[in-house]
Every structure is written in structure tokens, then in C-alpha cells.
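Chemist: First to last, the sequence lines map onto chains R and E. The opening position of the first sequence corresponds to residue 1 in the working numbering, with each subsequent residue numbered one higher. The opening position of the second sequence corresponds to residue 1 in the working numbering, with each subsequent residue numbered one higher.
In case anyone wonders, no lab produced these hints; they're calculated from the structure. Don't be surprised by glycine CBs; every beta carbon is placed ideally from N, CA and C. Accuracy of the hints is not assured; some may be wrong.
What the hints assert, rightly or not - Derived DSBU-like pairs: lysine-lysine, alpha-carbon spacing no greater than 35 Å straight-line:
no.	chain 1	residue 1	chain 2	residue 2
1	R	127	E	230
2	R	131	R	286
3	E	2	R	257
Claimed, not checked - Pair ranges (Cβ atoms, derived):
no.	chain 1	residue 1	chain 2	residue 2	range
4	R	25	E	227	22 to 30 Å
5	E	182	R	208	45 to 53 Å
6	E	210	R	293	26 to 34 Å
7	R	94	E	131	57 to 65 Å
8	E	214	R	58	31 to 39 Å
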Amino acid sequence: MTTTQINHALPPGFQLDRYRIERQISLGGFSIVYLAYDDNETPVAIKEYLPNTLALRAEGAILPEIRDEHRAAFNHGLKCFFEEGRALARLNHPNVVRVLNFFRANATVYMVMQYEEGHTLREHVMKKTGKVSENFMRIVFSRLLNGLREVHTQRILHLDIKPSNIYLRTDGNPVLLDFGASRQALENDAPSLRPTYTPGFAAPEQYEAQDTLGPWTDIYAIGATMYACLAHSSPPASNQRVENDTLVPAARRWQGKYSEQLLGTIDWCMQIDRQKRPMSVFALQKNLMDPPGGKQAARRVRDKTQS
Amino acid sequence: MKFTIYQESRIGTRALNQDRVAYCYSRDALLLLVADGMGGHAHGEVAAQVAVNAIATFFQQEAKPNLPDPMFFLSAALEAAHQAIHEEAARQGLSDSPRTTCVVCVVQHDVAYWAHVGDSRFYLIRDGRVLSQTRDHSLVQTLVDSGSITAEQARQHPARNRIFSCLGGTQTPQIDFSRKTPLRDGDQLVLCTDGVWGPLETDLCAQIAHTNVMTSVPRMLDEAERRAGKSSDNLSIIAINWEDDEVQALTCNSDMPTMPMDVYTMPPANSTQAVNKLSDDEIEEAIEEIRNSIRLSTFTRNQEDT
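Modelling step: build the complete structure from the supplied sequences, incorporating the hints.
Modeler: Structure follows, in C-alpha cells:
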């Protein structure tokens, strides 16, 4: 007999270290994220490592049950969770989610992050009935790339950039979330528990050998995310594109609706051949910050980007 | 008793998940249940949670290891859940008693029994079609039954969410019971909330029939969410593939023994990871390293701020 049990969340009001659980925000295959309040009543987001195939928390229980034969895999996942913690702890950038604390409790570990008011880019785009403006695209993505540049400078790859991992604060400033898939570049550690990728946003090389990953992999996802914002749906999965490319280039699909330069930039990022994509975030960002329409338009985007 | 089970509850696009699902089993009896806390009244999730707890607890008391009378069990369990919700409402001083739907199924000695209150559904799928399903305690179902509207009109009806029987309300719940239904090898049992059957409706059977619920159900939930779009209700489901022990014994050899009934088994961990060890000290070390990094970057940040 096989069973799959979705783990139960800690109950509202539960005191976890110095945080009080308010409610569950989201549930993934590897973790549960809670909204909680610290002892100063400051809201925080707490991510609990709890892979649902390896650790079971029964209804009403606090301690998850981890069977002996799953201990090794559980620990391996724990290492990946630590990687995410390490990656984020080193980062100090307004466009990247901020880690506040990391601790051990209830036979597992927890990562405390700054709680952001706002909504995901996915929600923003899905809610919008009309088209997303060119200016919105340029400003949001230029700012987001500021954060991604910092990530790459620290030799970290995100590897799961997509509209639901980008948060728009109420002031409109984007924050890059969920480094659960992130990997330190140029460091050959053990393979991750299960490579996580999101079809439509993962680059073709993510389906293949892991040693071909680089900044260009995140750049593909940025392009796919921009494409999704205009299309209001995910682009086709890259592994399918390799076999039979059904992607209508942005330049053709939205011809006349956005500047050729913006559309061309999206298509550039989404090249199947990674060597044909922008080689660095900086190269890409330059394009976004230099809209056609001369210096005035460029200054408008730049001013807003740096604010 | 041999079966494959999959359960999942998703929040949809709502702020709160008011659905609850649970299953438990003894050596001889299996209990499956789904409750959908009602949003129109306060604390629907409380009602759903209390109902699930009450019924599961009652099952654990009664199934030793088999239920003397499964039909009587269903009736008594739903009644106990209704009472428990009222008691909880009184305990918390809630002015309006919270309400929930509930669908419960018991399987014992290869015979299924089920009962429901409200519009959470039970389906028995056999040979690619729905052999039996519950009839919602809803206004639109009544209208469909009386021929006033078509099933298609019911799907668009503005009052399609209105139900007339629930647990926890002011009225005694109307409970409908199934017949004793012997199960066959390959049967599939599905319990789900309207967040699942609503968007799928007639496709539900087609998406699940002749599949392994472990793979088809998550896909089906994706599809339901996709169709519901911006206004997806909470989606909850428990589905099982029922397997006849004797048939299995003929087709499988001894490398797939039936598991003892009191343990959970999970998909096997990837064996290549078995070499990974992590001692307590290493965990502490990793946490300390991360905390140091946080302190360092907070320090730099404060420096920059001043």
C-alpha cells in the first residue's frame, strides 16, 4: 500500500521560538510558509523545512515523524535548505528577500524572512484585464535585475525565477523570493534532492547536465517571465521547444503593441541556445533601461529604477 | 485490505482554506472523510476541523479492529460531529454556529458504506464510469431533480452554492446514506469538495478512471484550478484505487506484500541519497554559520543606513 500524506501545519497561536504563528501562507512539497509575529509584534514569514514525502506531521501533532529509512534523504534535503539559507543570508539587497533568522526546532529547521506586504507578479498580471504597460515592464524588471545582479555577484544562481516568485511590494518595488532551488555556481556539491524547475520558465539546460548552468539560465527565466506578463500565461516548456518550437516570438506576437526593442530583448533572453542569450544581467539591464525614444525616456526609466 | 490513497487540499485563490480532509484505518476498516467549512457563516474552518476530529476520534474508538455496524457508525459519527460543533461554538462564545458540509466513507471487508451532508460528493467509479454518486443537498440539485432546470443551467445558477443541509446549523442535519456496496478490484472511490467537482463536473470521471490516483489526482486538481481561474474555491480530495487482495496475489509475486495496517508508507527515498549523513554537530554548525552571515549582513546594512 502506498500513501501520500500532505503535512499538517502548525496551529494558529503556536509559539515557535520567539515567534507566534498566525497562519499558513503557503504549502509546497518541501516546506510550509507561515505568517508569524515576533515578540515585538513585527510580522515575519517563516519557512519550515518539511518535505512531505519524508516527514509526516499528523493532524494536531507538532513533531513530524521521520522514519529511519527516510532519515538520509531528509538530511540531504536539509543540506539544500541550508544552502538556501546560506545564499540568502549573504545577500543584502532591497530587491531580494531578506533573511532575519535561522533556527532549529521540532526536529526540523526554520528560516525567518522579512514579511512583505503586496502580491506576487503572477497575481498582479492575472488580475489585470488590460495589457501590461511597457513602462511597467521596464521599471519592474530593471529593478528586479538590480537584485539578480547582486545574487549573481555572490556567485549564486536562483534557478526558479517565475511570476509567482516575484513579489511586488505595495510601493511597486519587486522582491525576488524563494531561493529553494538556488545553487551556488561553480561549486559541485551533491545533487539536490530533486532538481526543481518550473516548466515554461526553466531553461533547456536545466533539463540536462547541471554543469551547463550559469547566469544565462536565470536570464532565460527572466525572459520567460516577461513573456508571461504580456501573454497572461506561461510560455511553452523549453524541453518541448527543443524538440518542436511552438513559441511565437514576442516580436511577432505583440508587434506594434510594444517597442521592438523590448520585444527583441524578451526574444533574446529566451533563445534556446544559451550562447545566444545575453551573457550577463548587466547587458540585459542596459537594454531595459535604454528605451527607444531618446534620452528623456531613458532618464524616466532610470530615475524610477533607482528610486 | 489493499488500496492506494491520495489526499490533497489546496487553498485555490481564497484567503483561507476552510476544507479539511482525513483518513484513518484499522486492520479491517478504512475511514475517508472530507468537510468543507461554509464561508457564508463565520468560522467555517472551525466547523470543518471539529467535524473531522470528532469523526476520526470516534472511528478510532469504535474500529477495534472492525466496526460492529458501519451504517450505524456513519449515522452516529455525523450526529456526534454536529453536536461537537455546537459545543465548540458555545465554548468559544460564537454567536453564529459555524457550519460545514461532510462526506464520509467506510470500507470494511470489501464493502463500502457512505453518507453525506451538503454538497461535498462521493463517487464510486467502476469500469470507466460513475457507478454511484451522492446527490447534493442543494437548491439547484432539487431544481434539477424536479426538472425545473437542466444540469447545464445548474452549473450557471446564481444560487448553486446554496445548500439546505449541513453540520453545525440550527436545524437537524439531513443525512443521506448509501447502500452496502461490495467493491471490486480496480474500483475507485473519490470524496471531494465543490471546489474540485464544480469546475470539472462531468469530466471528473474521465480524468480519474483507469489511472493511478497518485498521478491523476494532482493533475486533475491543476486542471480544476486552471478552469476556475481567478475565483478558485478551496479544492480538497481523497481518492483511492481499491485492489482485490486475491487478484493481486495472482498478478504480483511476493515482492509486494500487503503492509501491516497501522503504518504509513511513503514513496521510496531515492537510494542514491542513502550515503548522505548529517550529524547533529554538522547541523548546529550550518545553522551557526548562517546566523553569523545574517548578523554580518545586518551589520553592514545598518552601517549603510547611518
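Chemist: For every hint, state whether the structure bears it out.
Modeler: Taking the hints in turn, this is what the structure says about them:
1. R:127 x E:230: 8 Å, holds
2. R:131 x R:286: Holds - the C-alpha atoms of residue 286 of chain R and residue 131 of chain R are around 24 Å apart, at most 35 Å.
3. E:2 x R:257: 58 Å, violated
4. R:25 x E:227: 22 to 30 Å: Holds - the Cβ-Cβ distance for residue 25 of chain R and residue 227 of chain E, about 24 Å, lies within 22 to 30 Å.
5. E:182 x R:208: 45 to 53 Å: 51 Å, holds
6. E:210 x R:293: 26 to 34 Å: For residue 210 of chain E and residue 293 of chain R the Cβ distance comes to about 58 Å; the hint is violated.
7. R:94 x E:131: 57 to 65 Å: Taking Cβ atoms as reference, residue 94 of chain R and residue 131 of chain E lie about 59 Å apart, which means the hint holds.
8. E:214 x R:58: 31 to 39 Å: 20 Å, violated
This entry does not satisfy hints 3, 6 and 8, going by the numbered hints stated previously.
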